[in-house]
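Q: Take these sequences, add in the hints, and give me the full structure.
4 protein chains.
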Amino acid sequence: MIKVGIIGAGRIGHVHGESISKFVKNATVKTIADPFMNEKTEAWAKSLGIEKTTKDYHEIFNDPEIEAVLICASTDQHSPLSIEALRAGKHVFCEKPIDHDVNKIKEVLDVVKETGKKYQVGFNRRFDHNFKAIRDAVVAGKVGKQQIIKITSRDPEPPSIDYVKISGGIFLDMTIHDFDMVRYLSGAEVEEVYAEGSVTVDPEIGKAGDIDTAIITLKLDNGATAVIDNCRAACYGYDQRAEVFGTKGCVAISNDSDSNAVYSCKDGVIAEKPMFFFLERYMMAYANEVNQFVEAIVNDTPTPVNANDGLQPVLIGLAAKKSVEEHRPVKIAEIRAQYGL
Amino acid sequence: MIKVGIIGAGRIGHVHGESISKFVKNATVKTIADPFMNEKTEAWAKSLGIEKTTKDYHEIFNDPEIEAVLICASTDQHSPLSIEALRAGKHVFCEKPIDHDVNKIKEVLDVVKETGKKYQVGFNRRFDHNFKAIRDAVVAGKVGKQQIIKITSRDPEPPSIDYVKISGGIFLDMTIHDFDMVRYLSGAEVEEVYAEGSVTVDPEIGKAGDIDTAIITLKLDNGATAVIDNCRAACYGYDQRAEVFGTKGCVAISNDSDSNAVYSCKDGVIAEKPMFFFLERYMMAYANEVNQFVEAIVNDTPTPVNANDGLQPVLIGLAAKKSVEEHRPVKIAEIRAQYGL
Amino acid sequence: MIKVGIIGAGRIGHVHGESISKFVKNATVKTIADPFMNEKTEAWAKSLGIEKTTKDYHEIFNDPEIEAVLICASTDQHSPLSIEALRAGKHVFCEKPIDHDVNKIKEVLDVVKETGKKYQVGFNRRFDHNFKAIRDAVVAGKVGKQQIIKITSRDPEPPSIDYVKISGGIFLDMTIHDFDMVRYLSGAEVEEVYAEGSVTVDPEIGKAGDIDTAIITLKLDNGATAVIDNCRAACYGYDQRAEVFGTKGCVAISNDSDSNAVYSCKDGVIAEKPMFFFLERYMMAYANEVNQFVEAIVNDTPTPVNANDGLQPVLIGLAAKKSVEEHRPVKIAEIRAQYGL
Amino acid sequence: MIKVGIIGAGRIGHVHGESISKFVKNATVKTIADPFMNEKTEAWAKSLGIEKTTKDYHEIFNDPEIEAVLICASTDQHSPLSIEALRAGKHVFCEKPIDHDVNKIKEVLDVVKETGKKYQVGFNRRFDHNFKAIRDAVVAGKVGKQQIIKITSRDPEPPSIDYVKISGGIFLDMTIHDFDMVRYLSGAEVEEVYAEGSVTVDPEIGKAGDIDTAIITLKLDNGATAVIDNCRAACYGYDQRAEVFGTKGCVAISNDSDSNAVYSCKDGVIAEKPMFFFLERYMMAYANEVNQFVEAIVNDTPTPVNANDGLQPVLIGLAAKKSVEEHRPVKIAEIRAQYGL
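Protein chains in written order, with my numbering: chain A, 34 to 374; chain B, 34 to 374; chain C, 34 to 374; chain D, 34 to 374.
Errors might be hidden in some of the hints.
Note that the list lumps identical chains together, so a pair holds whenever it fits in one copy or between two copies.
Within a straight-line C-alpha distance of at most 30 Å, the following computed BS3-like cross-link-like pairs (lysine-lysine) qualify [stated by the list, open to error]:
no., residue 1, residue 2
1, LYS63, LYS36
2, LYS240, LYS281
3, LYS165, LYS299
4, LYS79, LYS55
5, LYS299, LYS240
6, LYS175, LYS240
7, LYS139, LYS198
It is worth saying that the hints were derived from the structure and are not from the lab.
Keep in mind it's a predicted model, so treat the numbers as computed, not measured.
A: Listed below in structure tokens is the structure:
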């Protein structure tokens, strides 16, 4: 039984707290730390059987009983906390992205190597039943040689403008999951990116220097081409589809709904909308990812999403950003060179 | 936090043990009792944090800390254990059916009334997201006046012949869930039954005095007609469909699969088979039903499936059995009269 | 090139006129006869290149150029016109049912035998792409040993009360198609019928001595059981589904729509309703059936739906009627005995 | 009743000949011309009631009874025959593309203007029930402000290498239909194109100077972005999907199959593959387009796909070609400037 500490008691900290207590057999949360710790959070923690709540995350790092840390703080804290945790001898599960700054991610990679501790990045979609079904079919050879990969990822509603401003832009905040999916589904690396961006949801997003709609084309080193379409708002809910098409077949996934009930009436044949957003849609994926992180510790095996898997989508995201800015295709090698990678 | 005891550590006892520890916030399993308690079960109980294991269920009845009991023993023990538990002052969740013998069910009903304790019967399908979606639509008035109700219920594989012999027959063992669904989806009572039975799966089932395939037509007191089709074996898996058709529309549900991935290849456009069997398909329903049982205790509200809900499907099942034997429609009133109901 | 005459220029006469001119390569309509022939019908006939219109169908029987006759008159005229046409040396395509009276159908069978002319009954659904796909799968052995056959057949709106009164009742008018489908899909004969009927659509239908909703269970001579559910009205349109379930698999068909467009919006994920009614849904089936009738003449092969195929569903329909009246299962043998069959 | 002549008795000439005789009420084919006219074609023409066959298309131009001409010859003949036909006073339906050479298309546009005759280009997909359902929803305002348009278009098998060499390249031969669909579905014009091409089907196609797989991103003048994915081969058949996503909803269409039968068996839940290729999939669309061409003549209204609609996709195709060659986004204005448009 692994004892873990959670740093950050916001939305995603809650998700992990709940899912560890429900679904992760070999771990318990001992301590949860948050600078804004309050009574409500304390009560919630108590209801889950979490032993300790604190405003000071050092209590987690200093606790010799705690073997692993989940970093659920704000993005700018991901890399410094990762390094501090690793150096304190803890295994680390870090929410995505590790950082917006490649140099800081490089530091984390160095410290992971140096300490030999387990490190996993929170790309939860890899642990979703549907996306996994595509990956399994690809690995089983059912697709043959890959030719075209398609990912649709649309949010039900845009984040606040305040969040947009610190988000690192759509590519590092939202599309980063899709970049990870392209790598996961294909098992290949991205070589070049062309991104077309526009503002079709809210002009304020444009004023904040970001885009809210994008089509991104990616050339992969296995000869396939991937295309992602993103939008920050879809009135029918969270749209999460994907397909991998190859010489032997095409595997496609569609959205999940709360039920598969279909209502036939004078207005049509009506099925339910997709599950509202990521917390609903990926509830089990959040549990599965931490489960596998814990298993990697228990069995001393590699984590399923390592620090390099955290780096690559950031490089792709930076290439996409540059592509929109300079209105041309951008090679990943160009971004790597910039950072001496 | 309610402390519960589980009597019976077989398949369904395991299901409830697991799901209470994962999903039921306001309850913990304190003790699990089984006459064949062994090391493996003890280890499993320990892994879930269950305090105590025993061969003697009296330890549960005698434990003043334990407020509620889940009866997961063999069917012939359901009614005596229910009565003993109620008299010991425990709330009772009893697996279906309460008994094959209506007189014994009547005794249980009397003791429930006498003790005023909560009593819930394990008709898990009522707590499934799909079936619930139909019920919600009916209650919301989306179906209008009900006209036709259809239920398809086919198992992936037949039970052993040994089980068939003690099962009480297909109607009390398998169709009983569908009878409950007719009552649940419609909110109406069954008045008359006509059942057509045959042996198409395994002649041994016929030799054991049972049938393995059936079409059952039911007249309801709301003017609608229901039809159930059953088979003990379907090579493509557990087939669980239903629809309610009325003057304003038709709500239909189909099967759930492990993923919604679709593989297009030279052989066709191939989706996954339904989830294998009830343990997979109704995992969350098992959790939901116990959750609501616990909530009924905590809030002192009626249980969602009471003792009468346990009685009615048995009456319908006996009518169906008689219908096959006498090759004619049988009124429920006829069965009730037999038992002075 | 076969020259045909059509008797009856009502709705179904129009359907056949149009579809022969569009889709039936080896036939042309020379003459159309209707006692109520009017200018509008004459103009329509002219636009299709039909040579002659008349109020007197004898002009068709007396025309030596005309080899085949389509009988599209009212039901009570089907059998006398069939006999007259056959005796005039014409091949006959007769709309369903041949007659409501078994004795009159027997006469037609005798005259078919006596004259050796081709005779086909208008069970159009056999020529529909979806129903044919089930039949093809059954014949190909994909279903294995048949166990359960299900047919849903619901009309978008009830016929007029005047029509109901002369319709012969729901079983001979509407369900007759489903009885034919049971025989067609299974390739087996019906041995026994149990029918449950109710009035849920319009009390006037009940006052007219008919029912508008029915569940019919049929035992087949191949060991399978079939169940049909009927309703004279479904607010979402013409509902035409079927499935054949057996030891090797289950083949199911659903409704056709004008397009497969799906609209995802804040109200749900909305597909189109089924095609409105039989004229829309079975347009191509009407063409196919006449095409095969003409091919049977040209190649001197048996027609795909012969006179006996016209008789059997009537026997089943009479059994169903008796079952409702006497509230018991009725054997087809019982009906046959009544008519010395 | 309009009399038409068909020039070219190849595959598409046959399609139009058949569909006019079956489905186009107000037209008959009087003459069909083909330099390789042979007995087989003559017999086929006779079976359809086509009066005259000839090797010399001038017989069509010189026939005062013939009001309209369908040009179904090889692509290089489309523009000269169009001009000759228009000057001979005929209305013209011309298969796509008008020409690969923009200057020749310009000449055709001039002659159309000069003669005032009807001119329609054979973009058949506009007349398909599914694509039309999207367009109807867009026009009805159900999509709101358009944001993303997606088109998947994959052929079941590549054309011969000989054909590839004279095809004008994938963009002018295959994607040209998708470019037209982008314009049709959106009602907007394309401003810029970025195309990513690869050879994943057959290296011989690469050697012939073409690509067989492409992702094309298009910026539209209504603010939306469109993305097309193409492949010359898909083992599961002709893949023709599309969606238009906007602020009020998303309308999506999927493939049509010969039947909607679904076979559930031990290998999965198997639906039919899409209809094989364009002749099967768009049979009715070919009939509808000629029907509307004839109606435009009869009612003297504009044709639904005019000469400019023939020009635009060629400009987009040339931009796509340039984009692949120069590996950069290309504005349509750049291509227009090249041709003084």
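Q: Is it within a copy, between copies, both, or neither that the alpha carbon of LYS175 lies no farther than 30 Å from that of LYS240?
A: Between copies, since 28 Å is at most 30 Å while 46 Å is not.
Q: Give the relationship of LYS299 and LYS240 under a CA distance limit of 30 Å: within one copy only, between copies only, both, or neither.
A: between (44 Å within a copy, 27 Å between copies)
Q: First find the shortest C-alpha distance between LYS165 and LYS299 inside one copy, then the shortest across copies, and answer within, between, both or neither for a cut-off of 30 Å.
A: So LYS165 and LYS299 pass the 30 Å test across copies only (22 Å; inside, 38 Å).
Q: What label fits LYS240 with LYS281 when the C-alpha limit is 30 Å: within, between, both, or neither?
A: Result: close only across copies, 23 Å inter versus 46 Å intra.
Q: What label fits LYS79 with LYS55 when the C-alpha limit is 30 Å: within, between, both, or neither?
A: Close inside one copy (14 Å) and across copies (16 Å); limit 30 Å.
Q: Tell me, please, which holds for LYS63 and LYS36 at an alpha-carbon limit of 30 Å: within, between, both or neither?
A: both (6 Å within a copy, 23 Å between copies)
Q: Are the CA atoms of LYS139 and LYS198 at most 30 Å apart within a copy, between copies, both, or neither?
A: within (24 Å within a copy, 50 Å between copies)
Violated hints: none; the structure is consistent with every hint.
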